[in-house]
Structures are given as structure tokens and as C-alpha cells.
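**Student:** Please work from the sequences and hints to get the whole structure.
Number of protein chains: 4
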Amino acid sequence: MIYFRSDYSVGAHDRIIKRLQETNMAHTDGYSLDDFCYEAQDLIKELIGSPESDIHFMVGGTQVNLTAIAAFLRPHEAVLAPKTGHICVHETGAIEATGHKVIHVPHTDGKILPHEIDETIIEHEDEHMVLPKLLYISQSTEIGTIYSKKELMALREKLNEHNMYLYMDGARLGAALTSSENKDLTLQDLPGLCDAFYIGGTKNGFLFGEALVIVNPGLKEDFRFTMHQRGGMRAKGRLLGIQFEKMFTDGLYFKLAEHANEMAKFLREGIKEKGYDFLVHSPTNQIFPILPTSLVSKLEKDFFFYRWCPFDKERSVIRLVTSFATVKEDVDSFIEAI
Amino acid sequence: MIYFRSDYSVGAHDRIIKRLQETNMAHTDGYSLDDFCYEAQDLIKELIGSPESDIHFMVGGTQVNLTAIAAFLRPHEAVLAPKTGHICVHETGAIEATGHKVIHVPHTDGKILPHEIDETIIEHEDEHMVLPKLLYISQSTEIGTIYSKKELMALREKLNEHNMYLYMDGARLGAALTSSENKDLTLQDLPGLCDAFYIGGTKNGFLFGEALVIVNPGLKEDFRFTMHQRGGMRAKGRLLGIQFEKMFTDGLYFKLAEHANEMAKFLREGIKEKGYDFLVHSPTNQIFPILPTSLVSKLEKDFFFYRWCPFDKERSVIRLVTSFATVKEDVDSFIEAI
Amino acid sequence: MIYFRSDYSVGAHDRIIKRLQETNMAHTDGYSLDDFCYEAQDLIKELIGSPESDIHFMVGGTQVNLTAIAAFLRPHEAVLAPKTGHICVHETGAIEATGHKVIHVPHTDGKILPHEIDETIIEHEDEHMVLPKLLYISQSTEIGTIYSKKELMALREKLNEHNMYLYMDGARLGAALTSSENKDLTLQDLPGLCDAFYIGGTKNGFLFGEALVIVNPGLKEDFRFTMHQRGGMRAKGRLLGIQFEKMFTDGLYFKLAEHANEMAKFLREGIKEKGYDFLVHSPTNQIFPILPTSLVSKLEKDFFFYRWCPFDKERSVIRLVTSFATVKEDVDSFIEAI
Amino acid sequence: MIYFRSDYSVGAHDRIIKRLQETNMAHTDGYSLDDFCYEAQDLIKELIGSPESDIHFMVGGTQVNLTAIAAFLRPHEAVLAPKTGHICVHETGAIEATGHKVIHVPHTDGKILPHEIDETIIEHEDEHMVLPKLLYISQSTEIGTIYSKKELMALREKLNEHNMYLYMDGARLGAALTSSENKDLTLQDLPGLCDAFYIGGTKNGFLFGEALVIVNPGLKEDFRFTMHQRGGMRAKGRLLGIQFEKMFTDGLYFKLAEHANEMAKFLREGIKEKGYDFLVHSPTNQIFPILPTSLVSKLEKDFFFYRWCPFDKERSVIRLVTSFATVKEDVDSFIEAI
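Protein chains in written order, with my numbering: chain A, 114 to 451; chain B, 114 to 451; chain C, 114 to 451; chain D, 114 to 451.
In short, the hints are calculated from the structure, not lab data. Just so you know, not all the hints are guaranteed correct.
Each pair may be met inside one copy or between any two copies, as identical chains are not told apart.
[Claimed, not checked] Subject to a maximum C-alpha distance of 20 Å in a straight line, what follows is the list of computed SDA-like cross-link-like pairs (lysine to any residue):
| no. | residue 1 | residue 2 |
| --- | --- | --- |
| 1 | Lys414 | Val430 |
| 2 | Lys196 | Thr233 |
| 3 | Lys426 | Ile235 |
| 4 | Lys426 | Glu232 |
**Tutor:** What follows is the structure, encoded as C-alpha cells:
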């Protein structure tokens, strides 16, 4: 069975495993108050060019999203998110469970455009409605598309008008930044654009781990309290510092993401050559080809992937995901098989 | 610096690390729907002698406690817990953040006795008060003491009278079961006593991981929904299955706990011999000697531990914790130093 | 200034005021545990033909909705509601503040049709999504339309397929039942169709007060606990019993609603005669004429009403609401003015 | 049957009923955005000498407490309250249902002293614990005692040290201010002492209604959003303005409270003369005599009151409450009967 099901189907990159082994018997204090974490935090601050940001390590995107939003918003404040957003559909109402409404906003290829914010906000006129306060976006999006730097700047400007926060879910931030179609967006741009964002590890070669970056000084205070309250603090928090330090030391994080993107590109081009189309043009490690449903059934014998949705009577959309662990041979096998 | 600060100050037992390495590149499905987890679940069900129980793997005691209680209780139902309980003081109000009151109950050496339940319940007479519905206890307790089988049976009987659940926090369950003073309580007894309990890994040689066992059929339904909603589900959930399978295959879990207990016993006896007393008699891996505050300050130069509380003008209580990684030499050093 | 702004712009019907005066100095116990409430509850049970239902008196639709839903659902269970639903837009996220997601469902003239339930549910396939469990509808709807008995029966059947509850917001139930276009739906039908519903008083001549009817036995237990917890219990709860008893004794409730409907009908027909159209055909006490925006501005000098939304460049939709207190002269003045 | 059961056993003072009647058919806008409310707000601001405070009208103490605390605190912030506090025992966990822990603090006769705050706060040292942020007190307390101005000033000073808010539950504020043992505390002192407090009407001759006063500018923003979200806003909000305006126009509020206190004083002195003692010395409208249990049983045939708690084998504590509606004859009857 060949896996194109997800980017979290194996363990970690072997340099991560090796580093865990090397550091295994060192004693440290708990809850990320250790030198491994401090060093990783310094490294990240340097890479993003924002020494005054706060970095918090957590495990899992849902955990990060719910903890950040619970800490950032007052009870009547709401989140705007594209209908395809992870918090809208795939987190079992985690944000609502913290008491906040998530307003589903129309989107374009998984991305929110400034005018869509205006249209939503205009309906929220007084205290009978929730107060839109935070825009949630993902980079790359849940359907593999990416925001350009220019698009993010336009969003930022629009949000400033409405006195709103920008929060970026970076579960697949590596894939977005290393996409061959990303012109000029870099890690260093994010602190100037976002109030907070997270750098995802779980889907890019970590055993687990995401780094939340809080840029807006007004959102920093007492964050560790909410983190602990929501179950987001790890006794052996050092494991997160160890992994982030290794991943960001010599660009490993970006190399792994680049590899995943390249494997997806091979898949995309191979499938295109065979004459098939895609649900959306996605230049990262998730692609959504439209294939005859009969072919999909046949492929499922050798390949493990996700049926995304029916397309028409005879065709279905599937999702193929590549990762740091995807090998060229598996890509070739898939293309041969179709 | 010698660490008696906690039982989570190093990584994992090396057989865990080795097993993670061996299984690292196997592809599996996510969210604990993989063979590693299935096997570990079967193994645990066999060990506890309860094939019909449900097993869920999570990371961190706070996460398990808050998820279980959120899933088990209706909004007006409350938790009873000893004042020393982890959920009462050390989880930043995690249970209250799910909407439930935690009623602090007087205790005896960290343990709840049946009559203390009655005294609390009698004050809750109608709908102006919350409805006491779940008793939270820890085994071993936060101050290292243990419940005997007989004590647990008496609690169970009392709770049956009041139609209440028994939930056991087993962050240090290994230490309790392998304590030299545990006469006859075994893993197999727990399904008959508890509605739910968890087997803690993080504090007994895992990298991380706890296994929640839901025994009461009325509490099983849809648990994975709440688990995901609270951020408790792990994309690479297999890591939990892998660790539990290794730990419970040939009794490793118990051997590690036994070692920790033994190291604590050496400490206890050594300190006693030097003429010092203890806050409480604790037959597990946490001990609470009462030492002259001046001595405590001196010890802090070479040893890393927690000052628990002042005892009197000249003496302080400290907490010493041992783990699978504690070595006899460090114990000897400590005893020499006092 | 003539009011068509809302159906809660004056105090109460004078028989209500008189009854409050008559009963004013009688001593009773608090929290609706008094004979006034008991009698009103018995009266309502008789009128709905469901002696085994539970009746709870509260104040305000938002209070009833949030208390009922908080009491009925487990944390991962979600509400389906038409996008126009009061809980979707006009309750400041009250339902989400109790932790539950509200899924906005497409609607037809403010009403949900069975196939729209299917389409929403099909997207909720596993524990990564919330579990749709309760359908919220309003009768009459927020835009004045009504469900026929046949439509409600079809909804009921569809919900049974999905093991879901039907909850009916009856803020304007009187208007729906006495609408000239209501063929055959009666109060007695509701217990057979709904798991719970409420009979609204505030918008039909009460000072305040709504009666929640819980039909489904599985939803009754401990309801007063949640009611108190959410601030929904009134110390002088008798005031609710007194009003409901008076309103339902000789059909006053229905007479007042009928009057409001009739006034709206006069308005509707008068406006139609003048050649104007409506946003939706609404046979109850709320109508939504489409008028030239310039005319709207002129009307605002003498009439107090709500601008609903722009219609096109030159026309606007306004909302006119009538009540038990609307007099024919005011209706005539309005028609003359346009 | 003679009622000493509560201060909410009848309707309202007849001037309130009369005023409701007079204003009944005036049309106003909803949700307390009407002239009745504006005038009452102005009147209250003048009486408390704080024109810049915000006044919000709600119904019921639980509603006010939970709404205020939900609006004022961030998720990890906790409430300190005396164990006898209404929010600790008699509101079915309403505060916890908004996500906040209520820390039960030891008290002296229902009152918190500054040193008790220190002792509680010292245990809350870092992010593993909730952050104590708001002190809840009642004036008069649940057991009828009152804080002197000096005591409140000492509390204020202590709370300033800890950067904490003072919130005063004034369900029986009238009784406290008009107590014959209140030396110098006036309504005008409260804005200087409290961050927020409420003036209770339900227990002092209103049909219902409490006025929350928010003094601290940092707590004012967007309060009406939370108020609506928690079901605390009333469509016919004018009813609150009408009552408050009438009650505060010529000191009626204070006269009614004074009457209740005087009736309690007669009871207290009469009971004392008969040789009985009290649980606590309470100079307001609640008294707690200790009577032989056999006598209590006999009294229950003619009088309706609350058994507070057993005192010893042969004696019980009962609670007697007087109100604006208590008449001297009933007091005399009670004293005769013992």
C-alpha cells in the first residue's frame, strides 16, 4: 500500500529521532522551562526577525487554535474564517466549545479576500450580534492554495480598518513558503502581517509540535495560564524545543517542505499529462485531481488516499498529499497506475 | 546538579526510544486509528481483564482530566475532589473552564473517606446548588499516599448510594500498584471499582502518553468527539500506541515504577535514619521530608527539588521525587549531604 | 410618532396588569414553586393535550433558547438552524457561549425543508466534525412566514431518520396559530411534533414571560438546575404563572395574536393596493414591504419602524410589526401616508 | 400562614404597580433604550455621585453576577468569594458555567477580611494555578451582617496591592445602607470603593430588577454584548427603568428597606427577650435565631420560614426574613408564639 493519505503517516525525520536519542537522559525542568526550549525560541525569533515576539510550543493544530483564540478574545468577540477553514469543519467545534462563534465567510479557492470581510462585517451592526474581532486564515490553505504577500498586505490593511486581529494557522506553513509559486513571502514578513501565527511541525517531519508566535503585545499577557488551562502545556515540554531547534538550525524545516512540494508537483504534472483536471490549482503538497470514479476505485487497491467529494455522475475528486517521507518511486507508481 | 524535582525531567526509557526508531518509517493512518494503537488497546484490555472497556490515548494528565469530565457530565453536575487534588490546584481551573464546579472536599492524607462524601453531599439539596456527580481521586495521590483496595471498595459503595461516578487520575498509577505497601490492589481490580481511570505514562518512563479506560458503558458514547473538540487527539496518534505496547508487553511499566519506588524508599529510610520526620507517610515515589530551612538552602546548591511549604519557623517541607531514571548514587549523595 | 417597530413597544394587556394588581399582596414561595404557576402549568398541559409534559416559565427568548439547548445537548452536539434564525444572528452568540456550534442551514422563506437537513448532515461524517443533534426552527419565522402542519410532519420524519431533536422557538407562536393562512395546525399538535417548544408571551401582550414545554422525557431530568445556572429562574416566579393563567384562561392569548395578525393584514392589503410588493409573503404580524427609499425617509418622520435591508438602488425593504396594541387608526394613517 | 420565608414572597410596592399601570400604553423602543431607562440611569448616577459610571438594568442576582463576571474576567482569572457567598452555594455553579473558578475563602461572620485575601493569594503562585482577579462580596451578606465603610476601605487597599477588582452583590444593599448599625456608609461611597456593584430591587419591593453600576472604565466596553449573550437583556427593558425611577425619586427604596430592618429588629429583640440566642448578630432584615427543635416544629404550623441548619442535638437555627410587606402584627404573633 502506498500512502498519499496525509502528511502525518510516518514518524519523524531521522535527524529528529537521533536528536531525541542524544538528549534523552539530560535532566531539565518541565513545562518548556528548559534550555532546549529557550534556544529554540531564540532561534525562531531570529529567523522571523522579531526578538520581542513570544513563542509558545504546543502539540497539534486544534490545540493551538483553540488556546490562542480562547486567550485572545473576550466572550462576545467572534472569529471570521473561510468556510473551508480547519476550525470551521474539522475541529469538532473546538472554538465554539471555548464560547466563541465562528462566522463562516465565503471564500475564493480557500482564501478570504478583503471585500468578503466587509460584506460579513456590515451585517454585524450592534450588540444583538457578535463582534467580529479575529480573522482566521491558513497558509497554505486546506485546499493547498497560498496567499501572496500582496494579498496578505491587503487583508492586513482591511483588518486594520475594522480593528481586527489576523491569526494565521501555519499547519503547513513550510509548504506555503517553499512553494515554487511563492514569489516573495518569507518568514520575516509574518510578524509585520499577523497578530499571531503558528509554525506547524507535525505535518512537516516532526514527531509533533507547533510553535505559536504572538506578535501583538496586547495578546501576550498571561498566555501560559490559558495554555495550561486548555491542556496545552507538556510536562516534557523539552521535546518540543529539541525538535524545533534541530529543524531550524540549518534549514531542515524548509528542505523537508520543499521535498514534499516537489513530489506533489511531479504528481500534478503527471496527472495533467494524462489529461485530467483538478478541483483547484494548488501549488503545495496537497493536490485535488478529478478522476473517473471507476478509476478511483481501482486505485484504492494499491494506494491509500482520501476521496474528497463527488464531482459529477462519473467523476470524483480525490486528495493526494505528499510529505518529507514521500519517495519518487511512489509518485511514479501512481502516475503509471492512472 | 542532581534532580529530585519531578518524575518527568528526562526523556523516555531507552526501549521506548528504540521502538520509536524501529517503527519510524512505517506508514499508518492518523488519529490513533492504526495497528499500533489497536494492539496496545487489546493488550491493556487484557491486562485489566475488561475486554469491553474503551481505551483512549491522550497526552498529559490535564488533557485527560478535562476531556473526560467534559464528556461525562451534564452542565449542572459537579466534581468532588480532595483539596490537594491536581484538578483543584494545579490545572489552572481546567475543569471550571469546561463549565463544571469542582467542590473541594476535606481529606485525610490526600485521600477522601466515605463520610467526607456524605458531609459534602448533604449540603447540596436542590437545584440552587450544583449536583455532585463524579468523585475525582488520584492513585497515588498528589502527596504520595495510596488507597488500599478496601478503601476503594468503601468509596465505591458510598458512591453507589449517591449514584455518582468514580474517576481515578492515574498519573502515578504505576507507583501506587508497585508500592511495597500495596497489599492486594491490582490493575484487574480497577474496572470493578472505577467508572473510568487513566494509566499514566508521562511520569513513568514514556516520552508522553496516558491511556484513559472508560468502563461504564453509559460514558463511552461519542467520546472521540469530545476528545477532538478539546484538542486531545493526536495526528500521529500511533506514537501513543507504540509506547503503550512496548511498556506493557513484558511488565516494563511496572519495573520502572518499582525502581522509582525503591529509590524513594532508600531516600526515605536514609533521611529517617538521620532523624528527620515527614509531612506524611508516602510509600511511593514522592516523599516530603521536614528539614531545617538552613539545610534546605544548602542542599539547593547541589540538588534540584521543590520547596513544598514552610513547616514552622525553622523548618521547611520539601518534595523529593524519584523516577525510572533515578540512580542509587544520587540517592546516596543526597543522604550524605544531610 | 406611530409605532410599527416591534411587538414589544408597550406594557401588557390591561387584564394582565389588573391581575398583577389583584394578586399583588398574596404571599407565595419563590422560584415558580407556587400555586399560580402550578395552575398555569396545568392549564397549559391541558390546552396542549399533554399532561406528562414539563412546563418551565422563563423570561425572554434568548434566555429560553440558550437554557434549553445547554440542558439538552452534550458538548459535541450541534444545532442546525436556518440562516435567518434568531439564534444565528440576533442573540450575540448565546448558543456558542454555552459551547455548541450552530450550523447555518440554507432556507426557503425562513423555513427549513427536509432535503436541506440531509445536505447539511451528509457533510458531518465522523468525530472531526460536530454531531448535528437538534434542529432549531421558529414558528412563525423571523420573516413572518409559517410552517404548515404537513411541513412540520415532514421535518419530524426526517429528524427521526437522523435521531435528532426538533426544538421550536415560539416567540410568535400565537401569530402563527391564528394566522388566516394556518389551515390545521393547533397547539395540541405540537407535543407530537416537537421534542420541546416554547409559547412566547413577551411579544403577545404579556409584560414578559415564555413557557418552555419539554415533551421528550429524555430531556426533562434536572432541567431546573440548568435553568438556575443560566440565570433563568425568577425569585418572584409567580409573576409568570399569574400572566400565563390569565392569558390562557379564556383564549385571551389567541385573541390578542389574532388582532395583531388582522392589523398586519390591513397594512399588507393597503400597501399592495398602492402597488407595492413584498420581500416575502408573510401571513402573520410582521410584513416586509419594498418601498422607494425616498418614501421610506419621508415615512420615518411620523412612523417608527425598522429598515430591513436595501432592495435595489432606489428601493428599500422595511419591516412593519403589529401587536395587540396596534389600533386601526394607525394602520389607516400609514396607508394614507404612502 | 405568616411568611418570614423570604423578602420576595409578594408582588411589588403599590406605587410600583400604579406606575406600571400609568405608563402601560406608552410606546417605547426595546432593550432599555428608552426614556424611562435613561431617566432612571441619570437619577442613579446622581444619587451615587458618579456621572461617568455605566448603569445596566437586569433581572435577578444570578443573572447580574454571571454576566458581570463573564464580561470582566479573562478565562484564567478567578473569583474570590466567602464560603457563604451566594455565588459559592446558591447559584448552581453559574460562575463556573461561564468558565471561571470561584475560590472559596474563609470568612468572619460572612465577611472577608484583608488578611484572608493574602492567605489565599499566596497559594496562587504561577500559571499552574488560576489568577485571583476579582473579589466578590455581598452587602448585606447572606447571613445579614454588614461591612462598615472602614472595612470596605481596608479591603479596597488590599485589593489594590494585588491589582484585583472589588465587585459588590447588592441584592440587599438597601437593608445594609439603612441598618441602624450602619454608621457612615452611603451610596455615594460605593463608586470610590468598588469597580462594580449592583443595587438590588427584587428583594426590596420591586416586581423585579437590579441596577448594575460599572465604575471602572476598563470594565465598561461592550458590556451590552455580554448582557445580550447571557440572556440578560429584556425586550421590554422599560419596565426596569420605570421601577427604578419610581423607587429612587423620593427615597422610597430606602424607606422600604428601613421598614424591613425595623420589623427584623422587633423580631430580634422579642426573641432575645424570650432568652434565645442567635447564630450571628445581623442588623439587617435577616435574622438567625437558635430555637429548640421541638419549638421550631410547632412554629412551622403557623409560620413559613427556612430551617437554616441544626445547631446541636436539641436546637436548630432558623432564618427569619422581613420585607417591605411585613406587618407589625405578624411580628407580634411570632413573638407571642415562642
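**Student:** Each hint needs a verdict: does it hold in this structure or not?
**Tutor:** Hint check results:
1. Lys414 / Val430: within (17 Å within a copy, 57 Å between copies)
2. Lys196 / Thr233: both (13 Å within a copy, 13 Å between copies)
3. Lys426 / Ile235: between (39 Å within a copy, 17 Å between copies)
4. Lys426 / Glu232: between (34 Å within a copy, 17 Å between copies)
Violated hints for the displayed structure: none, as all numbered hints are satisfied.
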